[in-house]
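Colleague: This is what each chain is made of:
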Amino acid sequence: MTEPVTFEIQRYRPEVEDEPTWESFEVPCRPEWMILDALNHIKDHVDGSLSYRWACRMGVCGSCGMLVNGEPVLTCATYVTSVLPGTVRVEPLRGFPVIRDLVGDITDFVRKLERVKPWIVRESEKPLEEGEYLQTPEDLGEYKQYSMCINCMLCYSACPIYELEPDFLGPAVIALAQRYNLDSRDEGSQERMDILSRQEGIWSCTFVGECSTVCPKNVDPAGAIQRYKVTATVDWFKSLLMPWAGR
Amino acid sequence: MGGPVNPGDTRHHPRWYRRRIPIFWWLGKVSYTRFIIRELTSLAVGYAALVLVLQVWCLARGPESYDRFVSWLQLRPVVALHIVVLGVLVYHSATWLSLAPKALVLRLAGRRLPGAVVLSMHYAGWLVASAAVLWLLLAG
Amino acid sequence: METISHDILVVGGGGAGLRAAIAVSETSPDLSIGIVSKVYPMRSHTVAAEGGAAAVVKPEDSLEAHAYDTISGGDWLCDQDAVEAFVTEAPEEMIRLEHWGCPWSRQPDGHIAVRPFGGMKLERTWHAADKTGFHLLHTLYQTSLKYGSVTYYDEWFVTRLLVDEGRCRGLVAIEMASGRPYAMVAGAVIMCAGGAGRVYPFTTNANIKTGDGMALAYRAGGPLKDMEFVQFHPTGLPFTGILITEAARAEGGWLLNKEGYRYLQDYDLGVPNPEPVKLSMELGPRDRLSQAFVKEMEKGRTIETPHGHVVHLDIRHLGAKVIDTELPFVRELCLKYENLDPVKELIPVRPVVHYMMGGVHTDMHGSTPLPGLYAAGEVACVNINGANRLGSNSLTELLVFGARAGRAAAEFAAGGAGSANGAVLAQALDEERRLQATLVDSEGGRERVSGLRNEMQAAMDEGAGIYRSAEGLESAISTIRELQERYGDVALDDRSRTFNTELVASLELANLLDVAEAVLHSALNRTESRGAHQRTDHPDRDDERLLSHSLAFRTEDGVPRIEYDPVTITRWPPGKRVYGKQVS
Chain A
1 MTEPVTFEIQ
11 RYRPEVEDEP
21 TWESFEVPCR
31 PEWMILDALN
41 HIKDHVDGSL
51 SYRWACRMGV
61 CGSCGMLVNG
71 EPVLTCATYV
81 TSVLPGTVRV
91 EPLRGFPVIR
101 DLVGDITDFV
111 RKLERVKPWI
121 VRESEKPLEE
131 GEYLQTPEDL
141 GEYKQYSMCI
151 NCMLCYSACP
161 IYELEPDFLG
171 PAVIALAQRY
181 NLDSRDEGSQ
191 ERMDILSRQE
201 GIWSCTFVGE
211 CSTVCPKNVD
221 PAGAIQRYKV
231 TATVDWFKSL
241 LMPWAGR
Chain B
1 MGGPVNPGDT
11 RHHPRWYRRR
21 IPIFWWLGKV
31 SYTRFIIREL
41 TSLAVGYAAL
51 VLVLQVWCLA
61 RGPESYDRFV
71 SWLQLRPVVA
81 LHIVVLGVLV
91 YHSATWLSLA
101 PKALVLRLAG
111 RRLPGAVVLS
121 MHYAGWLVAS
131 AAVLWLLLAG
Chain C
1 METISHDILV
11 VGGGGAGLRA
21 AIAVSETSPD
31 LSIGIVSKVY
41 PMRSHTVAAE
51 GGAAAVVKPE
61 DSLEAHAYDT
71 ISGGDWLCDQ
81 DAVEAFVTEA
91 PEEMIRLEHW
101 GCPWSRQPDG
111 HIAVRPFGGM
121 KLERTWHAAD
131 KTGFHLLHTL
141 YQTSLKYGSV
151 TYYDEWFVTR
161 LLVDEGRCRG
171 LVAIEMASGR
181 PYAMVAGAVI
191 MCAGGAGRVY
201 PFTTNANIKT
211 GDGMALAYRA
221 GGPLKDMEFV
231 QFHPTGLPFT
241 GILITEAARA
251 EGGWLLNKEG
261 YRYLQDYDLG
271 VPNPEPVKLS
281 MELGPRDRLS
291 QAFVKEMEKG
301 RTIETPHGHV
311 VHLDIRHLGA
321 KVIDTELPFV
331 RELCLKYENL
341 DPVKELIPVR
351 PVVHYMMGGV
361 HTDMHGSTPL
371 PGLYAAGEVA
381 CVNINGANRL
391 GSNSLTELLV
401 FGARAGRAAA
411 EFAAGGAGSA
421 NGAVLAQALD
431 EERRLQATLV
441 DSEGGRERVS
451 GLRNEMQAAM
461 DEGAGIYRSA
471 EGLESAISTI
481 RELQERYGDV
491 ALDDRSRTFN
501 TELVASLELA
511 NLLDVAEAVL
521 HSALNRTESR
531 GAHQRTDHPD
541 RDDERLLSHS
551 LAFRTEDGVP
561 RIEYDPVTIT
571 RWPPGKRVYG
581 KQVS
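If you read the protein sequences in the order shown, they are chains A, B and C. Using the numbering used here, the first residue of the first sequence is number 1, and each one after it goes up by one. Using the numbering used here, the first residue of the second sequence is number 1, and each one after it goes up by one. Using the numbering used here, the first residue of the third sequence is number 1, and each one after it goes up by one.
Chain A with its partners taken away, still in its complex shape (with noise of 0.2 Å):
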């Protein structure tokens, strides 16, 4: 590019003030380069205190996720020049506390994540010896999509419910429940229905759907929140008319 691009960063040094500022930037940016580049330029030459996290560069690790022009991104997958003409506002993500900076603390996702028991749940496991359990293409298509989730938390970002009423599971824990109850080999649907069933669980989410919109791996965290309110409505009906069938 020939002219430098102007960036305006949100700033938070909680030590020497009570709410965020912003700082302004110019860029001399090249034209391949993604957003990430140009925070990386102005740490390295400019002002090193700019505070963001950052890995593998490549839209894998999650790490990187910002509002850039109010939308969730991975800064590391946004080029500068989609975000152009004009100034380009960087902040935090939304919904998380703002710990520095660019740095927003993403505790409450980990610890709601365990909750919703992530794992292979079965009764009985078959042993090492007897090999793989089989589960062909056609099951394993069942619940990939779901298995994608890089943990970036931009869905959490474009949530406002998730903003609005703090106890909510989010898009992405609930995906990652789906992701297991789907599996061919997992056993705990029953088990995770107790938390998902919860007001904090599915039924808080009113289908705004702008999760699935931002999700840059496609999961579609909507999708299976609606799946699963049609599945835990028919479990309930169940249980009502059928009390007796067990699990």
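If you're looking for bench data, these hints aren't it; they were derived computationally from the structure. Errors might be hidden in some of the hints.
[Claimed, not checked] Listed below are several chain C residues computed to face chain A (Cβ distance under 7 Å; list not exhaustive):
1) Arg43
2) Trp100
3) Ile242
4) Ile303
5) Asp494
[What the hints assert, rightly or not] 27 Å max Cα-Cα, derived DSSO-like pairs, lysine-lysine:
6) Lys126/A with Lys146/C
7) Lys121/C with Lys126/A
8) Lys58/C with Lys144/A
9) Lys295/C with Lys121/C
10) Lys336/C with Lys144/A
11) Lys217/A with Lys336/C
12) Lys146/C with Lys217/A
13) Lys126/A with Lys238/A
14) Lys144/A with Lys217/A
Cβ atoms here follow ideal geometry from the backbone N, Cα and C, with glycine treated the same way.
Keeping the supplied structure of chain A fixed, place chains B and C upon it in accordance with the hints.
Modeller: Here is chains B and C on its own, set in the frame of chain A:
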């Protein structure tokens, strides 16, 4: 589960920042605004249900009461209002049905039915149900 | 200074660290475990691995074949007893991962599907499409959440190991969110902090691969083994260095030079065949392929681009269906980062630093010479990868040796947990003072972290690339020496305590400089060419004098003491690496 973080120790750990959600947060993004409008259309559903209840109640109270109800329905402003309500109800139903392909994963001969097929099945069902109701009303 | 105590501390929450923690929980459920990671575990670089994990599964395959492929691929620098244990335990580990939910790719009948891979005689690479590392890591992380005995210290940066009376007693770590250092004591510490690709400018590795674990162990006295062996993966995207998995070649991709010619046939790697032939051409070992690129470049037959010389990876003939089933991530990456569709266009690729065969010296149980300190994964050097690692052995290594180190550490720690005695606490307080000084005294310094880092990377690229010479290495050594001195004069812009990423970058730079020192001196002293270490001034392999591992011990004056430890040979005496011929 996580390591200790001591919020009381201000030298090492100052407060984290949580923004105050603006009242009109939903005006910030088109998709949010559309969402709120969609949710508000349920008011029209509530209203239509109320009119129905009113109709039954008037019917129960006798032919005079019912005639008064019908003449109220025929007032110009009421007709205009109800045309608007009908429009909102159709929009409400359409957005409701658009959820169906997300919530329902149907399979035929091992392959997943595309969303468009699931959706058109729902619209077909709606059409059939509406036609049946209309026939009942007009045949009687 | 606050002290935290656990029976076991695991440094690093990647594949090896998580597997080790699970192994401890399963063998000794009453031991308390702390996983201390500078990033959330799902950000660990295991997540970026693509191709697969090798383990014998086909009836016509054998453990001997896997072992032989690994040993010859490693140019006979592998410890054969460790390799034998590795190949034996590999299939079980993979089944265990499958039972834990890993979405391995399947055959139509539901059994595990395996693909061929570079340097392997037979198909034995288990894979989850081409995002194997991602699925492996998430499966391990989610499974680890089951165990109540594990506490996660996410975004805690370890700055020092605490050693007292010849035994590792714990570590000092900064809680990044608050900037507060903690003394953490344990019965045993398992180091799983990964490799050090960021010591070079062009690498597949994430920003976080800064050799922290290697430097920590190095400073604590545990020698670094075989550091001169740095793997250059033949196919990285130019500019970004993003990895294009070997699986693209395993599925049948071709490497073409400027004239569209499959140039590998000129380098003793076989004859071109339209279908992929195992152990031949594009399925040769990584070191030979990267070396072939350099030779092509010298002949002027590579393509020049604004981001350096490249060759072309052609997967067009595989067709969209195969690419979308087996290589969907490759297609995604090319579309996003190169604006091209590999279904219709050629992918520009060039050799890129990918993996450190060397690392913290361990035995085949993951124990280091320092009692109480264990290591597993890329940070460690057992050595099963030898002078050149075969693709898809590394993910398996995480599981096999992560589990071994976990079990060994659990046994050791059960014999008496860690407690903070006076000497240990004094060391920890010392470290706290040092960190405080780094933060405060950096005002007025004249060097920037990024400037020194760039200079280091340039020196490594120049002096310790695919082909090395005594001259080049000595020049790089003196540059690194100078940088280490100038490091004392670093100025930080960020003097805050809250999530100070510049301080962390500065500490990482110190680690990288230590790693660079070990790599360069080890490389200078190895006066032969073997595997990934190629000396233009010593072009032949010297089994008489150098069938040994190099051990770099840190010294006060900055010149590591290099010793040699003979390679363990059990069944396969050193032979010739043969690729491209029909192997019966």
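Colleague: Compare the structure with each hint and give your call.
Modeller: Now the hints, each set against the structure:
1. Satisfaction of the interface hint for Arg43/C is found here, the shortest Cβ-Cβ separation to chain A being roughly 4 Å, below the 7 Å cut-off.
2. Annotation: interface hint on Trp100/C holds; nearest CB of chain A at approximately 6 Å, less than 7 Å.
3. The criterion of a C-beta within 7 Å of any C-beta in chain A is met by Ile242/C, whose closest approach is roughly 5 Å, and the hint holds.
4. The restraint placing Ile303/C at the interface with chain A is violated, with a minimum CB-CB distance near 17 Å, outside the 7 Å limit.
5. Restraint check, Asp494/C versus chain A: the minimum CB separation of about 3 Å is within 7 Å; hint holds.
6. At most 27 Å may separate the alpha-carbon atoms for a hinted pair to count; Lys126/A and Lys146/C meet this at roughly 18 Å.
7. Between Lys121/C and Lys126/A the alpha-carbon distance is near 31 Å, which puts this suggested pair outside the 27 Å criterion.
8. In summary, the hint linking Lys58/C to Lys144/A is supported, as the alpha carbons are separated by about 25 Å, within the 27 Å threshold.
9. Taking the CA atoms of Lys295/C and Lys121/C, the gap is about 26 Å. The hint holds against a cut of 27 Å.
10. With a CA separation close to 22 Å, the supplied pair Lys336/C and Lys144/A stays within the 27 Å bound.
11. With a C-alpha separation of about 13 Å, the suggested pair Lys217/A and Lys336/C falls inside the 27 Å cut-off, and the hint holds.
12. Restraint check for Lys146/C and Lys217/A: satisfied, since their Cα atoms lie roughly 26 Å apart, inside the 27 Å limit.
13. At roughly 30 Å between alpha-carbon atoms, Lys126/A and Lys238/A are farther apart than 27 Å, so this suggested pair is violated.
14. In summary, the hint linking Lys144/A to Lys217/A is supported, as the alpha carbons are separated by about 12 Å, within the 27 Å threshold.
Violation of the numbered hints given earlier is confined to hints 4, 7, 13; the remaining hints are satisfied by the structure.
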